[in-house]
Structure formats: structure tokens, C-alpha cells
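Asker: Chains as they are written, first to last, in full-length UniProt numbering: chain A, 1 to 315; chain B, 1 to 315; chain C, 1 to 315; chain D, 1 to 315.
Derived from the structure by calculation, the hints contain no laboratory data.
All residues carry an ideal CB built from backbone N, CA and C; glycine is no exception.
Keep in mind that the hints are not guaranteed to be accurate.
[Unchecked claim] DMTMM-like, lysine to aspartate or glutamate: derived pairs with alpha carbons at most 25 Å apart: (1) A:K170 / A:D128; (2) D:K170 / A:E237; (3) B:K170 / C:E237; (4) C:K170 / B:E237; (5) A:K170 / D:E237.
[As the list claims (entries may be wrong)] Sample of chain C residues facing chain D (criterion: CB under 7 Å; computed from the structure): (6) A253; (7) R265; (8) F273; (9) S302.
Protein chains: 4
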Amino acid sequence: MPGTPPTRFVYLGPEGTFTEAALRTIPAAERGLRTPARSVPEALEAVRAGEADAALVPLENSVGGAVPVTLDELVTGAPLVITREVVLPVEFVLGARQPTPLAAIRTIAAHPQASAQCRNWLRANAPDAVIVDVLSNAAAAISAAAGEHDAALCAPIGVSRNQLTVLADKVADHPDAVTRFALLTRPGRPAEPTGDDVTSLAVSIRRDQVGALLAVLTELAVRGINLSRIESRPTGEQLGTYVFFLDCTGHVAEPQLGEALQGLRRICADVRFLGSYPRHRLVQEAPVPSPPGLANADFADSAAWLAQVRAGETA
Amino acid sequence: MPGTPPTRFVYLGPEGTFTEAALRTIPAAERGLRTPARSVPEALEAVRAGEADAALVPLENSVGGAVPVTLDELVTGAPLVITREVVLPVEFVLGARQPTPLAAIRTIAAHPQASAQCRNWLRANAPDAVIVDVLSNAAAAISAAAGEHDAALCAPIGVSRNQLTVLADKVADHPDAVTRFALLTRPGRPAEPTGDDVTSLAVSIRRDQVGALLAVLTELAVRGINLSRIESRPTGEQLGTYVFFLDCTGHVAEPQLGEALQGLRRICADVRFLGSYPRHRLVQEAPVPSPPGLANADFADSAAWLAQVRAGETA
Amino acid sequence: MPGTPPTRFVYLGPEGTFTEAALRTIPAAERGLRTPARSVPEALEAVRAGEADAALVPLENSVGGAVPVTLDELVTGAPLVITREVVLPVEFVLGARQPTPLAAIRTIAAHPQASAQCRNWLRANAPDAVIVDVLSNAAAAISAAAGEHDAALCAPIGVSRNQLTVLADKVADHPDAVTRFALLTRPGRPAEPTGDDVTSLAVSIRRDQVGALLAVLTELAVRGINLSRIESRPTGEQLGTYVFFLDCTGHVAEPQLGEALQGLRRICADVRFLGSYPRHRLVQEAPVPSPPGLANADFADSAAWLAQVRAGETA
Amino acid sequence: MPGTPPTRFVYLGPEGTFTEAALRTIPAAERGLRTPARSVPEALEAVRAGEADAALVPLENSVGGAVPVTLDELVTGAPLVITREVVLPVEFVLGARQPTPLAAIRTIAAHPQASAQCRNWLRANAPDAVIVDVLSNAAAAISAAAGEHDAALCAPIGVSRNQLTVLADKVADHPDAVTRFALLTRPGRPAEPTGDDVTSLAVSIRRDQVGALLAVLTELAVRGINLSRIESRPTGEQLGTYVFFLDCTGHVAEPQLGEALQGLRRICADVRFLGSYPRHRLVQEAPVPSPPGLANADFADSAAWLAQVRAGETA
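Okay, chain A solo, but in the shape it has when bound (with noise of 0.2 Å):
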């Protein structure tokens, strides 16, 4: 139902990864129901099924890029809606069953892309340990803790589920990555805009990439407004083939993204609109001002102005 706020949450598991922590940021989780599943499908799954009132997934890492799985999910199958934002920093903890000093340590266990983003800190830290590839964070955790490997580079919150002690904290080799989930819900009336929002598309164009893209682009650089993402995924038909995930700044409430959007509705294959809804900051940092004349206030003053000249008022 929209507008009430939900109170079963489904989230990619297992427990004990970014994921739920992420999640546990949010105070209506906090206080509600909170269910892992075991894949990001199956999250989604359950939020259209009306078996949960919202899933929390992965979006994209600073890093390691979008999560592929998560975006073509969100072009198939019936539509969801992103209505929150959750940006988490990145910072691996290396855990073992006993305080071991690092140069002890002969096997980690890690997810690959955990090793890829820590791979400069392990490289100096650990020369001599064999990293050996798990299926999540979660696993790398439990192998650590059933001792199959002397260490496992892990979430936080990995360690608490599984008695780990930390050997190393906020390990990383970019010290500002970062990890973005998506609050999915069924559709609904957005929230009200906030005048800091992001507005996330899935936009498919006809073969000829550079005219289209171009086309695309310059509907939205004519009335203003920016990207925050752009990323391209394949449509499954060919190589070449693309379906392309646009984050713009503004809300669809607003006229300014309200006339991009029919612009992109008029000259795409097909526009999926993905939600518009509060951007997190983690550092406070102002918006970025609309150029001149493209502003919201501007797209009010020439609606008023063309009423007028329609009328014949003026000219």
C-alpha cells in the first residue's frame, strides 16, 4: 500500500555481510522484520510476490563497479522502485579464531572482489598467504571460524556473528570506497522531492550507438540536468547491444526532469523509470547548480511565459 512505510525487509544474505549492516542503517529495519535471501533474484522475488514490503540489494562499489545481477533484475520481470539510497564505506576487517600475527598467517579466505579491492594491503601485509577464493564474505567468515583457513577478510559484522577477533581493521587499499544498495518497493507515488534527489532510469536504444546516445544525452543536457551514473549493460540479444542505467540529478515531480523524461520517453526503444528519491551523502556537500537558466524556478517562469503569449497577453 502506498505510503505506508514497510515493515518486513528481505536483503541479499547471508547474514553478516555489507549488506545487513547496510540495512540495519535504515530505523524502520531496524526496528521491522529483517530476512536475508540468498540471492539478489530471490530478494527481488519476494518484494514482487508481496511476501516482503522491501529488499535491500547492492547497487554498485566505487570499486569493483555496478553488481550486474542487481541491474538486469531490475529491467525484467514485473517493476520495483528504488525509494532509498543506503552509501556504506568499504572497510574489511581480517579475522581469525586466535590473535595471530599477520606474518603467521599461512591461507585467508575472501570473496574475490574483497581480495581485488584489498589486494595492495594484502600484497604488504601479508606476502605470504595464499588467498583462497570463497563464494561471499559471510562464507569466508565461517571458514575462518570452522578453521579451514587462518584468516578471513570479512565484514564487520562477520566478525561479531562468528566470534571472530580482528587482526587488522579498515583494510582497503582506497580509503574512500564506498558501496551504494538500492531500497526496492513496488511502485508507488514517489516521496515528495527534497531538492537534493537522484532519479534512476533503464533506458534501451536502438542499434546505432553513437546517434542514440548522443540523442539521449542531449535531451537531458538541454533542460540541465546531470548523471551521476551511467553504466551499460547488454541486453542479452548481441553484442552491442545495450540498455543503459542513468542516475540524474532532480526528482520527476520537478518540471525540469519532468520534460527530460518525456524527451526520453519520445526518442528511446524504452524508458524503465527506477525511482526518484533522496540522495545519501556521507560528506555533507552542497548540490550542484543547475546551469543558468535551467533551473527549476526558470522552468516555472517560461510555463508562465508561454501561457501568456498563448493567451495573447503578450509577445
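Go by the hints and put chains B, C and D onto chain A.
Answerer: Just chains B, C and D, lined up with the frame of chain A:
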């Protein structure tokens, strides 16, 4: 009073020129009062002052180009709008007091623009005649009637008014040459769209010509608006500062042109609306279809889609 | 013969107009032979026929706009190129046979473009005088000298030639009004770049105005070329078909403009090169700097980089 | 040594995957030395260090999208260039130790990307089997051969290497799915153009996405260059900062692409050339023709014209 058909017409005189001939193609003017003015500014002033309901003045000629004084007058002083255009084939006649073989003519009175449009014809048919510049087509006819010159290059209407004999008719280097006239009134609600309309604008841009003019054309192109005319006029301030006169396909009441107009309003230093009115076609030809996705129906469709998205009814 | 300075000059006459005054600012013309022509076409024909080395004709006026006959002549007939521009302040004088109080003047002879540029001054200073149209500034001075009219609005040079008394000087509504003249010769290798040059072009586009003109401007913008002038002229074929006259910043010998010219050549129906020559500045002002990455040095750098990439020396 | 065909090949291992199969389609590799590497970085490091002449690694999959690690490696460390691409149909097989009815299979080992590409097939044909994630296609085959799981979803080459029985072949949800591999070497002069080439680039833009990406695409569009691929990857610095991977039609030795490359070099923060090489087409289809005026011949024509203009030979 908007809606009331004009009955008092003023036009660029003197009597006996192409402008009077153009005015008399308008039924209401044929029935109404027709007063010649000594100049374009005088004609327009009469309408601004309420002494006339409408003024017919030349806008451009397919050979000679724009009529600068008309353009300059349209962007200074109180606003006026074009409510009708008249396109008239340019066909001069060579008239004289009595029948004369062309070879016997020694002097021909002609307005410089008239002789310029008939240069090749004159060279071929009256190679020995001296062309004497006079200040209007009507003055040419009058001077021939007065015996000051052997013949006059003038409008057909000048022959009948001055009891001249036609030595040659349909005189013109370009058989398809036309002059385009505008009927100007005080601002009022434009007539309904006909499906084949023109909208005239005067657009002032800031000094960076390439960037600013690119931006203007992009606002039009993005909405599928085509131009049938573009003229630049200096603003009088310094070399390189222009106001552009644009004739756009479409009507201000249509969504396509309305959105483009708002876009121009936002980015230009100034936009003056100069009227939406039916295109006058001498030869019937179908209007150019809109590019794919950019017809008025597509604008209506995209507006309906946006309304749904905003209501949360679809995504 | 390219490289030989011209010695025989022709100019738009009659004697005693601004064009003669402009010609005499060129040292070689002050020393050489100066012959007035009756018209712009006659002046250009003299150069084409080899009877003169160079012709000075007016190109545009900051108030009155382009001089259509000059533009039309530049795109028809054998090619000519601009080798020099002269910019002259427009300062009319009011001359009479004898000293006369302004209030006592009943008739003033004036070329219509001259009276148009002094309309406000005349209204304020000689409100009761009748303005009588004549066919040139020189004709105005001559008619005043002949006693046909009480005074003449003319060029300073017309006063001295006709022994008139100056009743008022620096007469002009726009104190900064200027006229720009072009010195035309038969084609030859352009002089070396000076760092502050203009390149003039005549560009014919196909009928889809918005798209074709956008493409022309994009070719320039992509290379950081700015326009100091853009004028459209009808081709004479039908309404809505234009040739555009462009004055670009830069010199044909420079890589930046050279690449832009090649781009125009590829996409336009026709491009006529009308010369690269030093910009004449009445007031010293620095040339506009190129946008970031688009200076001539950047073109040289990118060419060197490409040569390395092609040689496999770097990637 | 540029020009010397490679003889020592390294590829993304383990043995028995699609990458090995792709490598063996290259005659020189079939004859030469083929060494599996444990990871893409390890394979590329071998070439950089001179221990191998060329490395074959996966670039992208028409269903799964880009292979992030390959893209990231291509823009860090010493430059490597693509000298050849191999496109291979994706056809998984379901293999087992002995012939087994599909209905009797309880567990299937599969790499997550493999099971994702066969999800519908698995649901339809083995609805009751549990899919067990493993870390590579080869690992899946090995685990089935070891009896750890009832069957494996793997590459055909994995079946023969592990003496498995084929329960089903050509398993794939998208019958046209392909994987594209790149053969990488140290930089050298590219092979001659074939008339149907691809040029790969990595382009870093500054932060204003819409404007900067518009500028990149405009540089290509103005020269008639089309894109067959565009991928964005985060730079790792912060969300919203990207490097774009572009596959352009054409060859660096051609004027059309050469000019476009220079344009990108001028406006982008960084451009890395990743090679010009023949397009590998599974199905013969004609290359897309250049837009009017933008073929290589038109570039040659416009260069010749400019040379004439600069020499003063024509105007």
C-alpha cells in the same frame, strides 16, 4: 479587439506597388479601408496607435532577401504580431506611355531592387537602354507616365494606375521569384492551429555566436521543429551582435512548439513572439512530417506517461 | 601576380563617400591609382578582368546590416578573396552651402540608409525639416551644393569635395556605429597568420535548415572556432534556401581552422573560401582565447601523439 | 619484437575452459606454446614481463556483460594492445561421470555466470536439481568427475579433459550468446587496415558526465565513427568517476579515425589506445557504410581541397 476581423488596413505605399496588390488578395482588405503609408515604420505606427487595425508590409523576397526595415521595426517599439502571410509571385512589367519597340528605348526608370531582379532580362532584351535608379516601383511608373523616361520597370498595378502600355510582362530573371508580406496587428490570442502553420520569432543571443546559436538550434531540433527561415540582423550595438529572425514550423498552441519556445525563453537573452499563422503555399505541397517520435501525438503520449509515472501508477 | 602588392585600386563610387575614405586609409592605395566604380558588381568585374588589382567595397554596417549586393557578388562569378578589411566609424556630417541655423532648414537630402542611422538625431535637432531621399551620400552633398536642398547628410569627404559648410559633425544615433569594407583581389596564397585573423566563408547547406545548420556549427564548435559574423542570404531559388556567410576566428594556414574547413567541405553542399586576413580592430582588445584543449598548440600536440600511436611507439 | 608473430601464448586458465577453446582457434597458438594463467592479471603480467608473447583473456559476454578485471587491467600498468579478437558461441554442456537421466540429477556444479546464462534451461530441464556454485567452469567439470556432484555445467573442452559423458549439449538460454576474447601483446605498429576493423580505446573524462560524454560522442559523430561497444568502469576514486571503454569502427591508420582520435586526445583527461584489429564476424555481414560525406575517401578529398585553398590555387 482580439477576435474582431480588421477593417482598417494600412500598407507600404505608394499606391500601385506589389504591396497594394498583395493586400487586395485578402478579402477583408478588399472590402475594407486601405490606406498607403510612406514607410514601413509609418505603417506599423498606425497600427500601434490604433489608427489602423492591420498593416501589410513586405518581409522578404526570394531574390533580394529580407527587408531590413521591417525586421528592425518588429523588434523595437510596442509588440505587434503577424496574423497572416501573403506570398506573391514577382512579375514585373515594362510599361511606357505608348507602344515602343524595345530596341528604341533609351532610358528605363526602375527601383534598384527591381532592376537587380531583372538584370539578365534587361541585358538580353534592352541592352542599350540606360537604367535610371528611382526610389520605388510606383515612382518608376509615374516617371514614365510623365515622359521623364522612355519606359518603367514596375508592378502590373502601376501600369493600370498610370494608363501605361505594357511592352513586356512577366519580366523576371527567376521565374519562381516571390515576395512574402506580413499582415501585422496588435497582440491577441492566435487563431487555432490549422496543421500547417508558421511561428515567427525574434531571438537575441549573447555574444559567443557558435555556442549560443548551437544552443538555440538544439532547443528546436530536440523537439523536431524545423526552420523555414533564419535571418540575422545586427542589433546596432556593435559588429557581431545579432538578433535572429526564425520562422518555425508549427503553432504556439501545439505542445511541440510550446515546449521549444519555453526552451528558447530559458536560454536566450530575449525572445519576442511574432505570431503563429497559416502557411501560405502558392503550390500545394504536403507539410514536412515530424521526425520519428516528435509529432504532436508523441508529445501528448509522453505527457500522459509522465503523469502516470508521477502518480506511481506505472514504472 | 600573387605576392605583388596591388597598385591599381577600384572602389564603390562615387567619389566623396565613406568607401573612398576607407580606401585612403590603406597606404598602398593612397600612393596608387584609385578609380571609382558605379556599382559593386562593376568594381568586382574590374578585378576579375584584370583591369584593377584590388577592389574596396562595403561588406556590412553595424546598424544597417550586410550589404546584400556585395555578398551576392562574392558567391557568383569567378572567385575573389578578401585580403584586407577596413573598419571605419560612421560619422555623418550635416553640410550646407552656407552657415545656417538648424531651425531654419526646411529640406535635407540624404541617402535612406544615412537618414535611418541618424533618425533620432534628426528628430531632436531638425524636427521640422523634410528628409528627401537621394541615391547616395555623394548625391546628397552634390544636391546641397547645387542648392536643390537646404542641407545634406553626407560623409565628411563629401563636404570638402563640394565646398560645403559643416553645420554639425559626428552625427549618428549610435556613437559606435561602424562600416566594414573588404579589399578583394584575385585568389592567391594568403598572407602569413598574424595570430589575430579572420577567415571568411560562404557555405551552402541542403534544405533541412535545423539539422544542416546544426552540423555546420558543430564542425566549428568541435574545433574551438568562434564566429564573429553569420549572415544568411537567399540563393534566389526559392524561399528558405540559403547561403550562409561566416566570419571565423583564425587563419586557413592554422591546423585548427584547417581541420574545421575540411569538415565543412565534407558535409556542406558547397563551401567557398573567401579569404584569411588580419582582423582590423579600432579598439585594441585581446583576441578571445581558445577553449581548453582547442588552441593551435593542442592540435599540434594531438597530431604528434597520433603519429606515435600509429608508429606503435606508445599506447 | 613488433612484426614477429607470437609463439608463446598465455591464457586465462585453468585448462578446459572456453578461453582455451578460443585460443586454439588461432593457428599460431595451435602450433605454439600455450600456458594457462591463474588469473587475468597474471596472464597480462606474463606478457608485460616478456615471459609470453601474447595473452588471450575474455573481454565481454553478450549475456553477462564486460569482464571487469580485464578492463581494469587494461588501464593500469604498462600498456598492452589488442591485436586480435576471437568471438566464440557460448554453448555449455551438461556433463556427468556416467549416463544419467536428467530427472535423477540432484546436484549440478556450475560457475555462477554459467548457471545465470542457463537459468531457464535448468528450470525447464532439471527443475529439482540444486545448483552448487563453484569458482570456474573447469572446477565444475572436475568436481563432477570426482563425484562431488552429480553433474557439471561446463565448456565442451571440460568434458573431454575429464572423460565426462555429455547429458545435454548446446545448453544456453540465449542461442546466440557469445563471448569475446582479446589477444594482447606489448605495443607495436598495428597491422594494416583490412576495411573492417575495430579500434579499442579507454577514455577518461572529467566529472561533469553529461557535458563531457556529449563532447566525446560528438568528436566521434562529427567524423562518422560508430561505436560497437561502450562500457563504463569506475576509476576507483569515488562514485560517479568513470573510464569509458569504446570500440570504434575503423583503424588508427585511417584518416577518419585518426582525426577523431586526435579530437578525443584534445578534450579528454586521458585517452589510452588499446589497438586496431580486424573485426571477427561469426556471421558474414557487410560493414556499416559511413554517413554521406564521411567515408575515408571524403577525408582524402577534403584534405586535397584544403591544400589547394592554402596554396591559393582555388577559392
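Asker: Are there hints from earlier that the structure breaks, and if so, what are their numbers?
Answerer: none
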